[in-house]
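Got chain A; can you put chain B on it based on the hints?
There are 2 protein chains.
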Amino acid sequence: MTAGDVTVFRDALFDAGVLVPTGVPGLYGKSKRFLEIFDGVYSWVTAAGCAARPERLEFPPIMPREAFLRTDYIRSFPDLIGSIHSFSGDDVDHKELLRVVEDGADWARLLSATDVMLLPAACYPLYPMLTGRLPVPGRLFDVLGTCFRHEPSSDPARMQVFHQREYVHVGTPVSAPRFRDQWLSRALQLMHDLGLSVRAEVANDPFFGRAGKMLAANQRDSALKFEIVATVADPEKPTAIISCNCHRDHLTGPFGIQTSDGDVAHSACVGFGMERIVLALLSAHGLDTSRWPLAVRGRLWP
Amino acid sequence: MTAGDVTVFRDALFDAGVLVPTGVPGLYGKSKRFLEIFDGVYSWVTAAGCAARPERLEFPPIMPREAFLRTDYIRSFPDLIGSIHSFSGDDVDHKELLRVVEDGADWARLLSATDVMLLPAACYPLYPMLTGRLPVPGRLFDVLGTCFRHEPSSDPARMQVFHQREYVHVGTPVSAPRFRDQWLSRALQLMHDLGLSVRAEVANDPFFGRAGKMLAANQRDSALKFEIVATVADPEKPTAIISCNCHRDHLTGPFGIQTSDGDVAHSACVGFGMERIVLALLSAHGLDTSRWPLAVRGRLWP
Chain A
1 MTAGDVTVFR
11 DALFDAGVLV
21 PTGVPGLYGK
31 SKRFLEIFDG
41 VYSWVTAAGC
51 AARPERLEFP
61 PIMPREAFLR
71 TDYIRSFPDL
81 IGSIHSFSGD
91 DVDHKELLRV
101 VEDGADWARL
111 LSATDVMLLP
121 AACYPLYPML
131 TGRLPVPGRL
141 FDVLGTCFRH
151 EPSSDPARMQ
161 VFHQREYVHV
171 GTPVSAPRFR
181 DQWLSRALQL
191 MHDLGLSVRA
201 EVANDPFFGR
211 AGKMLAANQR
221 DSALKFEIVA
231 TVADPEKPTA
241 IISCNCHRDH
251 LTGPFGIQTS
261 DGDVAHSACV
271 GFGMERIVLA
281 LLSAHGLDTS
291 RWPLAVRGRL
301 WP
Chain B
1 MTAGDVTVFR
11 DALFDAGVLV
21 PTGVPGLYGK
31 SKRFLEIFDG
41 VYSWVTAAGC
51 AARPERLEFP
61 PIMPREAFLR
71 TDYIRSFPDL
81 IGSIHSFSGD
91 DVDHKELLRV
101 VEDGADWARL
111 LSATDVMLLP
121 AACYPLYPML
131 TGRLPVPGRL
141 FDVLGTCFRH
151 EPSSDPARMQ
161 VFHQREYVHV
171 GTPVSAPRFR
181 DQWLSRALQL
191 MHDLGLSVRA
201 EVANDPFFGR
211 AGKMLAANQR
221 DSALKFEIVA
231 TVADPEKPTA
241 IISCNCHRDH
251 LTGPFGIQTS
261 DGDVAHSACV
271 GFGMERIVLA
281 LLSAHGLDTS
291 RWPLAVRGRL
301 WP
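Protein chains in written order, with the working numbering: chain A, 1 to 302; chain B, 1 to 302.
Simulated from the structure, these hints should not be mistaken for laboratory data. Quick caveat: nothing in here was measured; it's all calculated off a predicted structure. We put the CB at the ideal spot given by N, CA and C, even for glycine. It is possible that some hints are incorrect.
Some chain A residues flagged as far from chain B (calculated, every beta-carbon gap over 10 angstroms) [to be verified]:
#, residue
1, V20
2, A52
3, R220
4, K237
Beta-carbon label-pair distances, calculated as ranges [as the list claims (entries may be wrong)]:
#, chain 1, residue 1, chain 2, residue 2, range
5, A, V92, B, V136, 46 to 54 angstroms
6, B, E151, A, R99, 19 to 27 angstroms
7, A, D205, B, E151, 32 to 40 angstroms
8, B, R133, A, D288, 22 to 30 angstroms
9, A, D288, B, P293, 37 to 45 angstroms
10, B, V92, A, P135, 41 to 49 angstroms
11, A, L69, B, A52, 44 to 52 angstroms
12, B, Q258, A, G256, 57 to 65 angstroms
13, B, V92, A, S112, 23 to 31 angstroms
14, B, R133, A, E151, 29 to 37 angstroms
15, A, S290, B, P302, 21 to 29 angstroms
16, B, V92, A, R199, 33 to 41 angstroms
17, A, D93, B, M214, 14 to 22 angstroms
Next comes chain A alone, as it looks inside the complex (with noise of 0.2 angstroms):
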């Protein structure tokens, strides 16, 4: 998929101890230097964002099964999915596990699946909460998600688990599609003045098999969803790290929320990858933030 090396950004992160390797691809420690651009770029977007009064939620990484097979994940992205299992045995059932473990054999087939998944996408959790009718002109949400995808790679901008900073307005079908727009080119200019060389393309999600092709064309062709990319690892394929979504009725439909009319109401959120930003700002101005731009600097940490 991608052309360019992306290692080399990546061993050149390890060998500054800006990111600490975990033996796994994608899963990795964060260290102070990270962490501080991090609360930065958080800091900024809540700036740009406050002045609407969105109501502040987080939640866990882990969301209700029940709610996850609501919406239609499984359908689109099965193989990114992380599924809960815990053991439930009694103590004979405890030995055979431990001699599973000691044998290096499959363990992990005596454990049951739990009432909890790995969450997907930030603004997952909300829905369930929004049954019913909305008040007018809807609501407005500022959620930070930890996310999974279980699509272990060697580039540092594709971690198995990554925030997501979320703007979710659910409203109706009129207030989604302007909610997008203003933030597209509201986000492109918070980049911008971070430094960052950015551009709005139409979204090209990883859906699954044959069906998922399908899938793919009519996300392009409805032009529903954008990108804000950006040059991370690869110094020669831009990587997403912001996108601006309207979700129609996708997510509002399955949990029955209504506008104040009775209709179904319509969503939308912009998502800032947040991993994403702070490893393209260190790809942008070096990996010493000391000698970042001074007007960067003032905007992160003023």
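Then chain B, alone, in the frame of chain A:
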């Protein structure tokens, strides 16, 4: 195990919008109010620990399966683990998966284990990166970890996902207990200064099964782990909000971590149960933070 009714406090938190229910016990959305107290506690703990210049690191809520198995967590607490499974089939398998989902049958058995597990304790990801000899006088870390324990409960203090903020010392059999003792008294003072009635107790971990009874007795007798307890949801039984723990060579041994002399290193940690401290403060001072004692407000939000 507990005598008091923990749902009174939980429902008060829901009614005030401090926590948002998700339908799964022990899994909640956190409001702005909750998060602001969380951030205040985080800064208060930072101020108490920063003079020793710890290395700050954050790891994801998942860790490598292989490193997980090198600890003995699966022996002691198999019922609390979270193993992550995903879909690795083709188009045909996917059709079968969706059919089983629609039938409401056990579709999770069609998944396969990934090479990651949910994180049971904040300091676990540290040890694999320390294999080899330590510098003198050891190393000191400041880690924030998102931990998972599969124990659905109506007690809001017993979340399935929670944050541990830990200072971790990795050094010698002499320096490790000294570190633990120093932090035990310091942590008591820190909580006292936030207006909490706290005391230290020998820890009482829920080891699994019949063999676990012996482990629990050992833990009590050796007095290696202390907990600082305060009243949270259960009016009749205080809850552990901080733990101070000497691991001896329990975690350093399996990962081949040595002192500068080539002996097996010892480790110790102080772990702040962040959500529990927030809840203890809400329990002690009420749900309206604007009415909290001025001295407490001044320490949390200087």
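Hint by hint, here is what the structure shows:
Not every Cβ of chain B is farther than 10 angstroms from the Cβ of V20 (chain A); the closest lies at roughly 6 angstroms, contradicting the non-interface assignment. Annotated as non-interface, A52 (chain A) keeps its C-beta farther than 10 angstroms from every C-beta of chain B; the closest such distance is 14 angstroms. No beta-carbon of chain B comes within 10 angstroms of the beta-carbon of R220 (chain A); the shortest separation is about 21 angstroms. Against the 10 angstroms criterion, K237 (chain A) stays outside the reach of chain B, whose nearest CB is about 25 angstroms from its own CB.
Take V92 (chain A) and V136 (chain B): their Cβ atoms lie about 48 angstroms apart, and the range 46 to 54 angstroms holds. For E151 (chain B) and R99 (chain A), the Cβ-Cβ distance of about 25 angstroms falls inside the hinted range of 19 to 27 angstroms, so the restraint holds. A beta carbon spacing of about 35 angstroms between D205 (chain A) and E151 (chain B) agrees with the range 32 to 40 angstroms that was offered as a hint. At about 29 angstroms, the CB distance of R133 (chain B) to D288 (chain A) agrees with the hint of 22 to 30 angstroms.
The given range of 37 to 45 angstroms is respected by D288 (chain A) and P293 (chain B), whose C-beta atoms sit roughly 44 angstroms from each other. Against the hinted window of 41 to 49 angstroms, the Cβ-Cβ separation of V92 (chain B) and P135 (chain A) comes to about 47 angstroms, which satisfies the hint. Evaluation of the 44 to 52 angstroms hint for L69 (chain A) and A52 (chain B) yields a pass: the beta carbon distance comes to about 48 angstroms. At about 60 angstroms, the beta-carbon gap between Q258 (chain B) and G256 (chain A) stays in the expected band of 57 to 65 angstroms.
Checked against the hint of 23 to 31 angstroms, the C-beta distance between V92 (chain B) and S112 (chain A) comes to roughly 25 angstroms, which is consistent with it. Range check, R133 (chain B) to E151 (chain A): Cβ separation about 36 angstroms, and the 29 to 37 angstroms hint holds. Taken as a hint, the range 21 to 29 angstroms holds for the pair S290 (chain A) and P302 (chain B), whose Cβ atoms sit roughly 26 angstroms apart. At roughly 39 angstroms, the beta-carbon separation of V92 (chain B) and R199 (chain A) lies within the given 33 to 41 angstroms, and the hint holds.
With their beta carbons about 19 angstroms apart, D93 (chain A) and M214 (chain B) fall inside the hinted range of 14 to 22 angstroms.
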